[in-house]
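K.L.:
Construct the entire structure; sequences and hints are all you get.
These protein sequences, in sequence, are chains A and R.
For the record, in the first sequence the residue sitting at position 136 is 136 according to my numbering, with numbers rising by one throughout.
For the record, in the second sequence the residue sitting at position 249 is 249 according to my numbering, with numbers rising by one throughout.
Heads up, a few of these hints could be off.
What the hints assert, rightly or not - Listing some non-contacts, in silico: residues in chain A with all C-beta distances to chain R over 12 Å:
{"no.": "1", "residue": "20"}
{"no.": "2", "residue": "24"}
{"no.": "3", "residue": "26"}
{"no.": "4", "residue": "56"}
{"no.": "5", "residue": "63"}
{"no.": "6", "residue": "86"}
{"no.": "7", "residue": "174"}
{"no.": "8", "residue": "238"}
{"no.": "9", "residue": "335"}
{"no.": "10", "residue": "356"}
{"no.": "11", "residue": "379"}
{"no.": "12", "residue": "392"}
{"no.": "13", "residue": "441"}
{"no.": "14", "residue": "449"}
What the hints assert, rightly or not - Short derived list, chain R residues pointing at chain A, Cβ under 8 Å:
{"no.": "15", "residue": "166"}
{"no.": "16", "residue": "170"}
{"no.": "17", "residue": "171"}
{"no.": "18", "residue": "206"}
{"no.": "19", "residue": "208"}
{"no.": "20", "residue": "212"}
{"no.": "21", "residue": "255"}
{"no.": "22", "residue": "262"}
{"no.": "23", "residue": "266"}
{"no.": "24", "residue": "269"}
{"no.": "25", "residue": "287"}
No lab work stands behind these hints: they were computed from the structure.
Beta carbons are placed, not taken as given, at the ideal position from N, Cα and C, and that holds for glycine.
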Amino acid sequence: MRFERITDAIGNTPLVRIDPSVHGLRTIDLYAKLEMLNPFGSVKDRAAWNMVRAGLPAAAAEDRTVIELSSGNTAKALVVLAGMHGVPFKTVTNRMRIPEIKDLLLLLGAEVEELPGQTECLDPTNTDDPLTHFHQTLTEPGSAYLYTDQYYNDRNTQAHVEGTGPEILKDLDGRAPDWFIACVGTAGSSTGVARVLREHDPRVEVVGLVSHKADFVPGIRTIDEVQEVGLFDPGTYGTIASVTADEAIDGMLTLARRCGILAGPTSGAAYFGAVRHLRELDDGPAPGRDSDPDRPAGRRTAVFIVCDRIESYLGYVRQRRPELLGRPPQPNSVATLSDAEVRGAPDIDVEEARRWIEHDRPLVVDLRSPFAYTALHIAGSVNIVDELFGELVRGGLPFSKSRPVLLACPVGEQSAKYAALLARMGHPDVRSLRGGIIAWRDAGAPLIRE
Amino acid sequence: MDVPLYLEPRLESRLASLLRARTFLHTLAGGLGSPLNVVLPDRMAENLAAFRAVYRRHYLSGGIFFAHKANRSSALVRRLAATEAAVDVASLGELQHALGSGFVPDRVMATGPKNPEFLWLAARSGTTVNIDSPVELDELAALVRDYGLPRTRILLRLSGFCTPGVRLLTRQSRFGTAEAELDGLLKSVERHRDAVELTGVGYHLDTTSPAEKAVALEGCVKALDTCRARGFTPRAVDIGGGFGTDYLADGAQWQRYTTELTNAALGTRPPMTWRRHTYGLRNENGTLRGALALYPAHRPTAGAQYLDALLSLPAPSLGRPLATLLLENLYELHTEPGRALVDQCGVTLARVLEVRRTEATDRTEPSDRGESTDRRESTDDRADNADRAEAADRTGPGHLLVRLDANADDIGLEEHGVLVDPVLVPRAAPGGAPDAGPVTCYLAGNLCLEADMITRRAVHLPSAPHPGDLLAFANTAGYCMDFSADEAQQQPVARKVAVWQDGPADGTGREDTSWHWCLDEQYWPHVNRRRKGSA
Chain A
1 MRFERITDAI GNTPLVRIDP SVHGLRTIDL YAKLEMLNPF GSVKDRAAWN MVRAGLPAAA
61 AEDRTVIELS SGNTAKALVV LAGMHGVPFK TVTNRMRIPE IKDLLLLLGA EVEELPGQTE
121 CLDPTNTDDP LTHFHQTLTE PGSAYLYTDQ YYNDRNTQAH VEGTGPEILK DLDGRAPDWF
181 IACVGTAGSS TGVARVLREH DPRVEVVGLV SHKADFVPGI RTIDEVQEVG LFDPGTYGTI
241 ASVTADEAID GMLTLARRCG ILAGPTSGAA YFGAVRHLRE LDDGPAPGRD SDPDRPAGRR
301 TAVFIVCDRI ESYLGYVRQR RPELLGRPPQ PNSVATLSDA EVRGAPDIDV EEARRWIEHD
361 RPLVVDLRSP FAYTALHIAG SVNIVDELFG ELVRGGLPFS KSRPVLLACP VGEQSAKYAA
421 LLARMGHPDV RSLRGGIIAW RDAGAPLIRE
Chain R
1 MDVPLYLEPR LESRLASLLR ARTFLHTLAG GLGSPLNVVL PDRMAENLAA FRAVYRRHYL
61 SGGIFFAHKA NRSSALVRRL AATEAAVDVA SLGELQHALG SGFVPDRVMA TGPKNPEFLW
121 LAARSGTTVN IDSPVELDEL AALVRDYGLP RTRILLRLSG FCTPGVRLLT RQSRFGTAEA
181 ELDGLLKSVE RHRDAVELTG VGYHLDTTSP AEKAVALEGC VKALDTCRAR GFTPRAVDIG
241 GGFGTDYLAD GAQWQRYTTE LTNAALGTRP PMTWRRHTYG LRNENGTLRG ALALYPAHRP
301 TAGAQYLDAL LSLPAPSLGR PLATLLLENL YELHTEPGRA LVDQCGVTLA RVLEVRRTEA
361 TDRTEPSDRG ESTDRRESTD DRADNADRAE AADRTGPGHL LVRLDANADD IGLEEHGVLV
421 DPVLVPRAAP GGAPDAGPVT CYLAGNLCLE ADMITRRAVH LPSAPHPGDL LAFANTAGYC
481 MDFSADEAQQ QPVARKVAVW QDGPADGTGR EDTSWHWCLD EQYWPHVNRR RKGSA
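P.N.:
Written out as structure tokens, the structure is:
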């Protein structure tokens, strides 16, 4: 496969059968459409390229900026496509909840603006909502934007009418699947694919998946939020069902660990929602095909969309299912200390500490952040922020045993833990400053700013 | 549509017990009239303890300042004066009230826009002044010098904080000095060193978003560092209020209600509101536009828990958790909770005057945006369904119009966008007439004015109210009790009473021990331990 341009690599993604021993469906073949293998990493590459390609040369000539309301994959594809044509890109969003995507967009050169949260004191006369504000800025005099408008732009749907849909038909030897399952974000892929499949065979059942209302699954809207999408038409879907974040992560784990498909939680939601829906129907007839002469009784097929990759969602998983990323505690870590060890940590009050510093010149280690240390600290102390200090001692004692050490933190809580740890590791003369830097200040002892 | 769209209020022990005390409440309203505001001062001490526990968990010190503007009650402020709390006042009257309720000036902070009288009493009494603008600082300094007053402690209110990387937009505020103009402001403070003592900086953002607050809090820590570098010795960051309250008992009810409200705005289900009001949502060619202009009544993380969550967030550029950042820079934390500190501290009672049948909603009023004729083709089915559903709905048991002896200004929940059901407190003892089951009703006020609806939504109650019954609107003490009550049409403004149960003031509310009461202005925390006015 040789391409002249990376954009030629958009589309023509594989359709992969999921091993029946994984999903447990006896009469249904389940296929995954691997949109995650598009060059910029998601199903949105198709829509982004289709929406923006016609306008890019003019945008470059007129110094316009491509702008979109996107919290992730559309923005990612657009910033790359715009950048390749020397056009700046800006995204405005109130849904940017994946920190890795935020950083990635900045790395790729996007400007990112986040809309303000809801007001705490409601002003019912205020009719301004963030989207109205956004549309005003687009039409301000002198504004120079190319707005791709993914939630309303028919070229979003068209990308799938021309690409994704026909590819599925071709890979199923010209037959439409019995079920098509997709998560609803902009509704572009589900609407476009459904249109093609239905034209081919009106009996296809389309299942739309939304996020459980009190939950957040990246790239999917809740049942209320989909109503804000111009491309969304409830008539597209035979069934609309919701998926929780936990279920999405479960689905993601199955795809990654058992199928070798390293996809994100949106795809996990699609897999989970697909299997849940199909399990009910495994023994029944296919939709509208009680007596279909064209098809042998028994085998039926279903297709779901795998829309992006797993790598950006480690923070998402860490927040919701930290045990999945859990590591065993390190031997030299404060987490291994017992309460008794912490209570018995060697410490010293401010007055004694001042005398000790004067006579024995212990190494004074300030465990606060560099910002706080720079502002005010004990003269002659060194700054090793607690996180870094924790890393250091994991590998062994970072000081000579011949040198006494005084540890200081804000209130003496962290320093007591580290003093206990260093003592356990064999340091003969380490002490924690009792009451911390705050007690030091309150006792009138000098703090300096250099 | 089988289960009514309830939005049941969250009632914790004290308030739940009070609303079960049917005879007591009817005696109160019978003697003092409708509407009647009832406050529960002892609950406030519990809310304070929850905030202090969050401080302790993060090893932080500093003041918890009750935002007085949430409620005018004397009982609440006097009860709070008996605790370790401080108070944030926003007018001359509030300052006088706080001082007169037992707050020494050390425990008072004057915030917001100030007139000369307010500024004078603050400076004269030694109250800390939260400086809103450079002009105000000049005025204050002139007062202190002209009258030879002691140096006044000040905090600087900042706004317009900048973020690294992603640009986080924040609503424009009419208060405070932009972070970018800090340098000029500090020059003024230096010029007025003889008159004022800089003790800290602060912000107050009108947003529910912790991410915006994290930016502001870090901005304040950096601003304080600038202050230190210029030789000041500030000690505190004041992060204002906005911790919120959870009004509803059941999050699922809120989810279901808002989904149906969306459907009603799109015309796919019968209207749920008086005259098809949609609370800010609108239908544009079958697609939902606008934003829901409602307070997020279901807030699982509110009050002290919200503070805990905020303090646990990482600082946007320095990376440390915000609590750690404050602590290791040796700063105190001031908070100004209003609504959150009077959570579960009050209820507004209104008597039912009349109950009559009414149309489900106004069918003839033309829609101002013409949705019904301007739907795009693909949504015609939806419109047809809605019409059919509505026809079916109207053949059902119909709706009640319940007229109350109170008006929309007496019960501020709707004005503040809080949707929550009232609790029916019947006059007759239960077990009389057979209960006919749930009803749908509109609640109308006592003004001769079409717009005077207590709420514009149809309220679902588990059984029909009768004239003489009381409707109890729970959790109104935060902004929804006396903030906008007036004497329009010479209808009386609600009287206010304080109620308490036997037992230690700091104990938690006990189930169904008897209740005592006094007029709000006669309440003092030590006196209320004596038995008086029990019922």
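K.L.:
Next, verify each hint and record whether it holds.
P.N.:
Hints versus structure:
Once the 12 Å rule is applied to beta carbons, residue 20 of chain A is consistent with being away from chain R; the minimum gap is 36 Å. No Cβ of chain R comes within 12 Å of the Cβ of residue 24 of chain A; the nearest lies about 30 Å off, and the non-interface call holds. With a least CB separation of 35 Å from chain R, residue 26 of chain A remains clear of the 12 Å interface cut-off, as annotated. Interface exclusion of residue 56 of chain A from chain R stands, the closest Cβ pair being 24 Å apart, more than 12 Å.
For residue 63 of chain A, the requirement that its beta carbon stay farther than 12 Å from each beta carbon of chain R is met, with the minimum near 20 Å. For residue 86 of chain A, the shortest C-beta to C-beta distance to chain R comes to about 22 Å, beyond the 12 Å cut-off, and the non-interface label holds. At the 12 Å boundary, the C-beta of residue 174 of chain A stays outside the reach of chain R, the nearest C-beta of that chain being 29 Å off. No Cβ of chain R approaches the Cβ of residue 238 of chain A within 12 Å, the least distance being about 14 Å, so the stated non-interface status holds.
Once the 12 Å rule is applied to beta carbons, residue 335 of chain A is consistent with being away from chain R; the minimum gap is 17 Å. Under the 12 Å C-beta cut-off, the non-interface status given to residue 356 of chain A relative to chain R holds; the minimum distance is some 22 Å. Every C-beta of chain R lies more than 12 Å from that of residue 379 of chain A, the closest at about 16 Å, which supports listing it as non-interface. Listed as a non-interface residue, residue 392 of chain A keeps its Cβ farther than 12 Å from every Cβ of chain R; the least gap is roughly 18 Å.
Annotated as non-interface, residue 441 of chain A brings its C-beta within 12 Å of a C-beta of chain R; the closest such distance is 6 Å. Taking the minimum C-beta to C-beta distance to chain R, about 7 Å, the non-interface status of residue 449 of chain A is violated against the 12 Å cut. For the restraint placing residue 166 of chain R at the interface with chain A, the shortest Cβ-Cβ distance is roughly 4 Å, inside the 8 Å limit, so the hint holds. At about 5 Å, the closest approach between the beta carbon of residue 170 of chain R and any beta carbon in chain A falls short of 8 Å, and the interface hint on this residue holds.
Hint on residue 171 of chain R holds. Least Cβ distance to chain A is approximately 5 Å, under the 8 Å limit. Contact between residue 206 of chain R and chain A, as hinted, is supported at the beta carbon level, the nearest pair being about 5 Å apart and thus within 8 Å. For residue 208 of chain R, the interface hint holds, since its Cβ comes within 8 Å of a Cβ in chain A; the closest pair sits about 5 Å apart. Contact between residue 212 of chain R and chain A, as hinted, is supported at the beta carbon level, the nearest pair being about 6 Å apart and thus within 8 Å.
Because the beta carbon of residue 255 of chain R sits about 4 Å from the nearest beta carbon in chain A, less than 8 Å, this interface hint is met. At its closest, the beta carbon of residue 262 of chain R sits 5 Å from a beta carbon of chain A; the interface hint therefore holds under the 8 Å criterion. Evaluation of the residue 266 of chain R hint against chain A yields a held restraint, the C-beta minimum of about 6 Å falling below 8 Å. The interface hint given for residue 269 of chain R is broken, as the beta carbon of that residue sits about 12 Å from the closest beta carbon of chain A, more than 8 Å.
Annotation: residue 287 of chain R was flagged as interfacial toward chain A, and the flag holds, the nearest CB pair being 5 Å apart, inside 8 Å.
Consistency note: the structure conflicts with the earlier hints numbered 13, 14 and 24.
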